[in-house]
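Chains A and B, in that order, give the protein sequences. Under the numbering used here, the residue at position 353 of the first sequence is numbered 353, and the numbers go up by one with no gaps. Under the numbering used here, the residue at position 3 of the second sequence is numbered 1003, and the numbers go up by one with no gaps.
By construction, these hints were calculated from the structure, which means they are not laboratory data. A quick note: this is a predicted structure, and the numbers were derived from the prediction, not measured. Don't take each hint at face value.
To be verified - FRET-style restraints, in silico, Cβ to Cβ:
hint, chain 1, residue 1, chain 2, residue 2, range
1, B, Thr1025, A, Glu309, 26 to 32 Å
2, A, Gln314, B, Thr1019, 35 to 41 Å
3, A, Arg394, B, Gly1017, 21 to 27 Å
4, A, Leu33, B, Ser1047, 46 to 52 Å
5, B, Ser1047, A, Leu11, 39 to 45 Å
6, B, Gly1048, A, Glu309, 47 to 53 Å
What the hints assert, rightly or not - Here are the simulated lysine to aspartate or glutamate pairs, DMTMM-like style, with alpha carbons at most 25 Å apart:
hint, chain 1, residue 1, chain 2, residue 2
7, B, Lys1149, A, Glu20
8, A, Lys5, B, Glu1074
9, B, Lys1149, B, Glu1085
Ideal placement from N, C-alpha and C gives every residue a C-beta, glycine not left out.
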Amino acid sequence: MGLVKLIVRILAIVGKEVVEVMRRPGAILSLVLGPFLILAVFGLGYQGIKRDLTAIVVVDPASKLPTDAASYQGLDVRGITVIDVTTDAGSAEQRLRADQADVVIEVPADPLSTIESGKQAELRVITDITDPVLANYTSFMAETISSALNREIYRIAAEQGEQYAVNIGGKDLSKVPPEVVASPTTPVVVNLAPVQPSIVGFYGVAALALVLQHLAVTLIALSIVRERASGAIDRFRSSPMRATELVIGKVLAFGLLGAAIAAISVWLLVSLLGVPMLGSPAVIALVIVLVLVASLGLGLLISVVSDSERQAVQLALLTLLASMFFSGFVLHIEEFQPAVQVAAYLLPVTHGISLLQGEFLSGTLAHPWQLVALVGIAGSLLLVSWTLLWRELRPE
Amino acid sequence: MKGGPTIEQPVAVRMAGVTRRFDGTAAVSGLDLEVLRGEVVGVIGPSGSGKTTTIRMITGSLAPTAGTVEVLGERPNAFKRRTRERMGYMPQLFSLYPDLSVGENVDYAAALYGLVAWRRWRRRRAILQLLSLWDVRGRRASQLSGGMKRRLELAAAMVHEPDLLILDEPTAGIDPMLRRTVWDEIHRLKDRGVTSLVTTQYVTEAEECDRVALLSEGRLIAYGTPDELRRSALGGEVVEVTMQTLFDVATLRQTTGFEQVRQTGPRSFQLVVDDAGTATPDAIQAMAERGAEVESIRELRPTFEDVFTALVDRSRSGVGAPGAAPPDPGADNDSPPEDREAAA
């Protein structure tokens, strides 16, 4: 009889939560469709390549270097468009500050002489950028410019050397073009990935994991906080309801809702956005369930530590923000310090993104240990939340 | 009074020396209270007197700082699940779910107490019909009026047929007709052996209870049947006498049984006696012996508002009950009941 009553109570919670959520379809639509809509606009609008940096080249008047932009563009530095060449360094920097160019490249006055004297010629690349990502990119581009210039120097040197070789009778060497001598290797990229998804394809899978975590965290956290505010928790204290039944009921209810939403989202990704699904649907379902349960544990924890709906919403949004930064959604986890990486791996979505991207886009689980990690996170969070909820349901 | 308790009845609620402090301030202090099974006990007191704190200690929501609480033979902090199933609690504020319908809310409440589907369906129908909510069973709780919400709360507390019903202001905000319905249901449940502990802001509702606990500033200032409290507040029963001619009550004070007398007009006065029934002919005779003729004599039944006010005033001033001059029970009797209740 006790078991029957336990089941009755749990089913009552499940039914109540599902009905309540279904009565507010707008909230679910905005939670689920919102991120996918943004992703679709992002996919349609994002070009996938960085625009060229605009550069002004400053040459020393005494250097007798060319002063037309076309000559420098001929160096074939990808990602840089020379918009002007000038001998006035001051005006170039002024235009840089006025945002009329991204970089100013100051070419050394007599690089060959400097090199011949056994020193490195300094190629100054000046920027005025606060965005750290763009600043990094600019540094990378400076290296590229330097390499291009070095190549040009090698080419000129090779050309002169060949002329010398011809003059002394070494004819075979003259058959090798100076460009090949200056740049004997050229990169050819071979991608072993079974598919090369579009931006939407790649980020869509990650967005699915992020949406599921956010949905689960928000729904369960608000559910408990609202019950506390309305006095329902006080009613539970005098009822036969136990913390265990409350946790099981809530997790089942929001887990079922999340699973239904996940199924619709996967269908949207595959059918409408053309995301390839190379892996096993069963494994994908398993990953989704684990992400949902772990996220519900996180939401429960937020609900028991929050004393108001406002605080719960803030914590849910902070979790979302942390997930955007640290989960590998935008930036690779390997780019962070080890301590931050450990924190990142405490978020369910970090494992969710990695596992789902692997299963959808490669058809393999690259890191099966992450399944175990998700089970561990879910178990720990649910245990801590249950303990706190159990204490809350005891007399104050 | 609807029938007093018998000595043999076991105790449903026992509070002994219970104190509850919040940040060092006592909300309830040294409370001793016993509720017998099958009783309807009213807890009455002004706002902030400790009514809800007392109720929450009984339901197990709050633990006492000192003293002991026993409900249905168990300490609330160690209630067994079966014991909780025997209790029904209606909080002061609406704590049900606005997005669920009336029927869904009651069904959910019943399910929390473990009622299986067929029994839930039967009980839901019965309780909603009883509280005149059956016709709006499909309406969302957020769309109900204040009175309907109180009735819905009451339905949720009663749907599982508890042995002990704890109702925190069940009649607040509902019209007099429905208040009558609520009290009729409480009496009907009493007939089936259900114990009810009810807080109310309506002092007149004390008459509906078997016993009344009056709380003031966290202390129990009186506990007894409405008649006992009335006698305690006024020192006995009150008889109002009007003479045909001028009469000096001082001559009456020497007569045994008429020591408590108060002149209320040139020809009228009030007597406080042990039993109005036997004292009335004695008073007529005593007056006749003094050569005075009685024009009218009647027992004055003070409203419970007067009783409540007298007991609270006495508690605040620290004056003992028996010798104190009785309050004027006839005063303000013309004011509408609602006004008197609001004033209380």
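Hint check:
1. B:Thr1025 x A:Glu309: 26 to 32 Å: 28 Å, holds
2. A:Gln314 x B:Thr1019: 35 to 41 Å: 38 Å, holds
3. A:Arg394 x B:Gly1017: 21 to 27 Å: 22 Å, holds
4. A:Leu33 x B:Ser1047: 46 to 52 Å: 49 Å, holds
5. B:Ser1047 x A:Leu11: 39 to 45 Å: For Leu11 of chain A against Ser1047 of chain B, whose Cβ atoms are near 40 Å apart, the range 39 to 45 Å holds.
6. B:Gly1048 x A:Glu309: 47 to 53 Å: 27 Å, violated
7. B:Lys1149 x A:Glu20: Roughly 18 Å separates the two Cα atoms, so the pair holds.
8. A:Lys5 x B:Glu1074: 22 Å, holds
9. B:Lys1149 x B:Glu1085: Between Lys1149 of chain B and Glu1085 of chain B the Cα gap is close to 23 Å, so the pair holds against 25 Å.
Comparing the model with each numbered hint stated earlier shows that hint 6 is the single one that does not hold.
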